[in-house]
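Asker: At position 46 of the sequence shown (counting the first as 1) the number is 46 in our numbering, and the numbers step up by one without a gap.
It cannot be assumed that every hint is accurate.
Calculated pairs, BS3-like style, for lysine-lysine (alpha carbon to alpha carbon, straight line, at most 30 Å) [to be verified]:
no.: 1; residue 1: K55; residue 2: K10
no.: 2; residue 1: K49; residue 2: K10
no.: 3; residue 1: K55; residue 2: K40
no.: 4; residue 1: K15; residue 2: K40
no.: 5; residue 1: K78; residue 2: K55
no.: 6; residue 1: K55; residue 2: K15
no.: 7; residue 1: K9; residue 2: K55
no.: 8; residue 1: K78; residue 2: K15
no.: 9; residue 1: K78; residue 2: K49
no.: 10; residue 1: K49; residue 2: K15
no.: 11; residue 1: K9; residue 2: K40
no.: 12; residue 1: K10; residue 2: K40
No lab work stands behind these hints: they were computed from the structure.
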Amino acid sequence: MRNLASVLKKARLDKGLTIRAMDLMGQGSITYQTVLNCEKPGYRPSPEKLRPIAKMLGLDFLEVMILAGHINREELMKSPLVRVVK
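Can you build the whole structure from these sequences, using the hints too?
Answerer: Given below as structure tokens:
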């Protein structure tokens, strides 16, 4: 089962990044502790913390928000806007 922690960690490792490297590359928008917490199962980071991490890792922000539990995929798919985009 895909969960936020495993997706973030896999993406980081696939890019060959350490948590410390993300901290340094994030120039204040990403901290060591934030990345460490985000890779813990059950941790639910805020969208503000997720956005720069998703961007650095090349992940789709909407998918990351769904995995974090901030957006319900089923409700999203019922949205009139999503139906128009499909």
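Asker: Hint by hint, note whether the structure agrees.
Answerer: Hints and how they fare:
For a cut-off of 30 Å, the pair hint linking K55 to K10 stands: about 15 Å separates their Cα positions. For the hint linking K49 to K10, the alpha-carbon distance of about 18 Å falls within 30 Å, and the restraint holds. A distance of roughly 19 Å separates the Cα atoms of K55 and K40; the hinted pair therefore holds under the 30 Å criterion. A C-alpha spacing of about 19 Å is found between K15 and K40, which places the hinted pair at or below 30 Å, so the restraint holds.
Between K78 and K55 the alpha-carbon distance is near 26 Å, which keeps this suggested pair within the 30 Å criterion. With a CA separation close to 12 Å, the supplied pair K55 and K15 stays within the 30 Å bound. Among the hinted pairs, K9 with K55 is consistent with the structure: their alpha-carbon atoms are about 14 Å apart, no more than 30 Å. At roughly 34 Å between alpha-carbon atoms, K78 and K15 are farther apart than 30 Å, so this suggested pair is violated.
With a C-alpha separation of about 27 Å, the suggested pairing of K78 with K49 holds against the 30 Å cut-off. For the given pair, K49 sits about 19 Å from K15 by alpha-carbon distance, which is consistent with the 30 Å threshold. About 9 Å separates the Cα atoms of K9 and K40, which keeps this hinted pair within 30 Å; it holds. For the given pair, K10 sits about 13 Å from K40 by alpha-carbon distance, which is consistent with the 30 Å threshold.
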